[in-house]
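Enquirer: If you want the building blocks of each chain, they are given just below.
Number of protein chains: 2
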Amino acid sequence: MTDLIDSAAAYEADAGNREPQPVEDEVFAIADRARAASRKLARATRAWKDRALLAIGAELLAQQDRVLAANAVDIAAARESGTSAALLDRMSLNAERIAKLAAALAGLAALPDPVGTVVRGQTLPNGLRLRQVSVPMGVVAAIYEARPNVTIDIAGLALKSGNAVILRGGSAVAQTNLALLNVIRDALEQVGLPADAVQSVDAYGREGGAVLMRARGRVDVLIPRGGRELIQTVVNNSSVPVIETGEGNVHIFIDESAPVGSAVEILLNSKTQRPSVCNTVETLLVHSASPALVPVLTALAEAGVRLHVDARVMSALPAGIEASLADDTDWATEYMDLDLAVGMVDSLDEAIRHIRRWTTGHTEAILSNDLGHTERFVAEVDSAAVIVNASTRFTDGGEFGLGAEVGISTQKLHARGPMGLAELTTTKWIVHGEGQVRG
Amino acid sequence: MTDLIDSAAAYEADAGNREPQPVEDEVFAIADRARAASRKLARATRAWKDRALLAIGAELLAQQDRVLAANAVDIAAARESGTSAALLDRMSLNAERIAKLAAALAGLAALPDPVGTVVRGQTLPNGLRLRQVSVPMGVVAAIYEARPNVTIDIAGLALKSGNAVILRGGSAVAQTNLALLNVIRDALEQVGLPADAVQSVDAYGREGGAVLMRARGRVDVLIPRGGRELIQTVVNNSSVPVIETGEGNVHIFIDESAPVGSAVEILLNSKTQRPSVCNTVETLLVHSASPALVPVLTALAEAGVRLHVDARVMSALPAGIEASLADDTDWATEYMDLDLAVGMVDSLDEAIRHIRRWTTGHTEAILSNDLGHTERFVAEVDSAAVIVNASTRFTDGGEFGLGAEVGISTQKLHARGPMGLAELTTTKWIVHGEGQVRG
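Top line first, the protein sequences correspond to chains A and B. Reading the first sequence from the start, the letters are residues 9 to 447 in the working numbering. Reading the second sequence from the start, the letters are residues 9 to 447 in the working numbering.
In isolation and in its complexed conformation, chain A is listed as follows (with noise of 0.2 Å):
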């Protein structure tokens, strides 16, 4: 991962030894630029909004042979410098996947518009009418990894919902980011809306990362997508507020009374179904009194899982299944590949005592038939979605019929689980009267 990322190292030594530069003087230039860009687009109807996006999907295809072009370009440096294929492979583009990108984009104008949803409102005993009315953020900032899909994605969801955005990308798809981000303004152009509601700070290298972390006041929120490193990167060093997402160490707990066949069905599912996403099952807990740990565990070593496990667990496994002993390492990681921790627990307790120590707040499940205890795992498990019997990969926008996902949201502030349009609009209290004042 830390190959599709500029160094977090580096972002934190220009934090710690800065001065004003000239570069951050340009980019607070773009951040005013995109202001400007977000007061037209805050008052777009849906219908402009979504021509817009209908007319970048159209310009993706028209524009293809360039983007093309210039993902080939990137390709071919990232991989002279070593690039391994599966990075190489995530930044790729091909017609298949501009037409995924277009078909997406169209999609999203389907969607019904997050802003001007009145969210509460009340006349009150002066006659003081009152609504808070969903309004868009102003002005996003985006910073990610080398993948070229993000960028549209971003700009697509963005647009949708009425913000301004600035993108900073990995710098390994420069090339292609620009591209694309041409294919976006010229379709902005096309329809009258303002090309710079959609701008980039790649030509700055890192440090436009860095001013886009200052930029308190001029940039409303800052959402990381990308590994840990990233994101913790960027939590570290914003002052403005961001939103953190992503970060997925998933459990799920077997409980005594859970049923075996289920049991076996819901834990392939969540771990290999698609194991490098982040509601895939990391850490299995199974109660010693359970049936179901030698058929879970056969059944996903037959699925290719490897399997680490603690020393109770060991001694349970049957011949012919293989596992490595699991330490703290193994309770702490987020595989995102086909590995899996598994532990032995004698109570519900336990199993909540060691979720709370290594949980990173994203999914957690309990398989179980007893009322007491799944009440009990909802109550105290403090995680954005808690799942009584079913898979932890439903923790998903488009599974929740949220339409569009813009990320897991992990902490609490503002959005907490997988967030969908809503949750890049803010609110706006409008008060109308007729003369009152406070007595």
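I should point out that these hints are in silico values taken from the structure, not numbers from a laboratory. On a predicted model such as this, the values are computed, not experimentally measured, just so you know. Watch out, some of these pointers could steer you wrong.
The list treats identical chains as interchangeable, and a pair is accepted whether it falls inside one copy or across any two copies.
Unchecked claim - Below are the DMTMM-like pairs computed for lysine to aspartate or glutamate, each with C-alpha atoms no more than 25 Å apart in a straight line:
| # | residue 1 | residue 2 |
| --- | --- | --- |
| 1 | 48 | 357 |
| 2 | 48 | 204 |
| 3 | 108 | 264 |
| 4 | 108 | 388 |
| 5 | 48 | 383 |
| 6 | 48 | 358 |
| 7 | 48 | 354 |
| 8 | 48 | 388 |
| 9 | 48 | 378 |
| 10 | 108 | 97 |
| 11 | 108 | 194 |
| 12 | 108 | 215 |
| 13 | 48 | 73 |
| 14 | 108 | 121 |
| 15 | 108 | 197 |
Assemble chain B onto chain A, guided by the hints.
Expert: This is chain B only, laid out in the frame that chain A set:
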């Protein structure tokens, strides 16, 4: 104001030049005890939490002599060190003020529980039952000035919303705060709730506050309460999410069509009813064709308001009305006193441009009978509250019907405008299934 808080520069020096300290260990241990207490509090019923609030009120009256004796020690020391009479007044408790604090706690007990509200919920096509439910934040920390009433106020708000709280008050009233903390903890023990639900780091002085700011993960949200300097220090130095409250450089624009009598009443109310609070007006902009300028300024001058006016207003002043010439400092200043900056503009657009340049995003109002103008003002002014034809003094949790008020948020994330108890909660997604897996 700077006498009330510990120096911002000193906080920043600490942040820039720190090594792990024993104080850090101790404050982190306090935070961990707060976390344990928060788990009990999160499951406490409304009736139980309300018993605690009433017990604190009763204990406050029972231990009044001890509290007042501690306060006398603080006040004597502050007087000796030359603290101004106004600040001494804000630091002082007496029997009447203690009775008011107890009454406020009873008022809080009468409010509905913000915890347990189902915010959204549906059954998904696959049969999963989904609920998003309000839950406490967990551990809240507050950093505030030398005002003993805030100690009781914040503790009450935190308890009612099911949160544990860590307090850091101004050192000048450390003895008073310690006595109040003992009152609160005694009351918690009486009703069987953990005393560690309310703790203080005052014993660690400035460093205690500095550690709270870097206790990300241990502290869920940090709320600075006080003047601009305190708030900016916390915002700039905290890696814990902050809710920024209270700065109000509030504007009123009198449009050409505003009725004169109503404009006079609204300006008098907005400026003179309580000039020391954040929702008082600080800048008045008057349309050059409005007949209201002279009557409004005459009424304000008669009410003792000192006017700071631009050159065009100066030349329009009638004989006998005094004013000083305003400069950019006046447009930027939140006087919080009987001072008002006054400028003349030739259009709604010019008024909006002025507001955009100088606003802190708290509250702005337009007085107008022109529907097109009021609609544009409401849409284009980006503040937490936008008011049409009423006093700016209405931006207030109590006036808005939110019950208790935590503060007025001037940021866009999580809470914007008057914050009630609901804004001290987050949400949890709870998912119930019968074995569903993702396809």
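Enquirer: Which numbered hints does this structure break?
Expert: 3, 4, 12, 13
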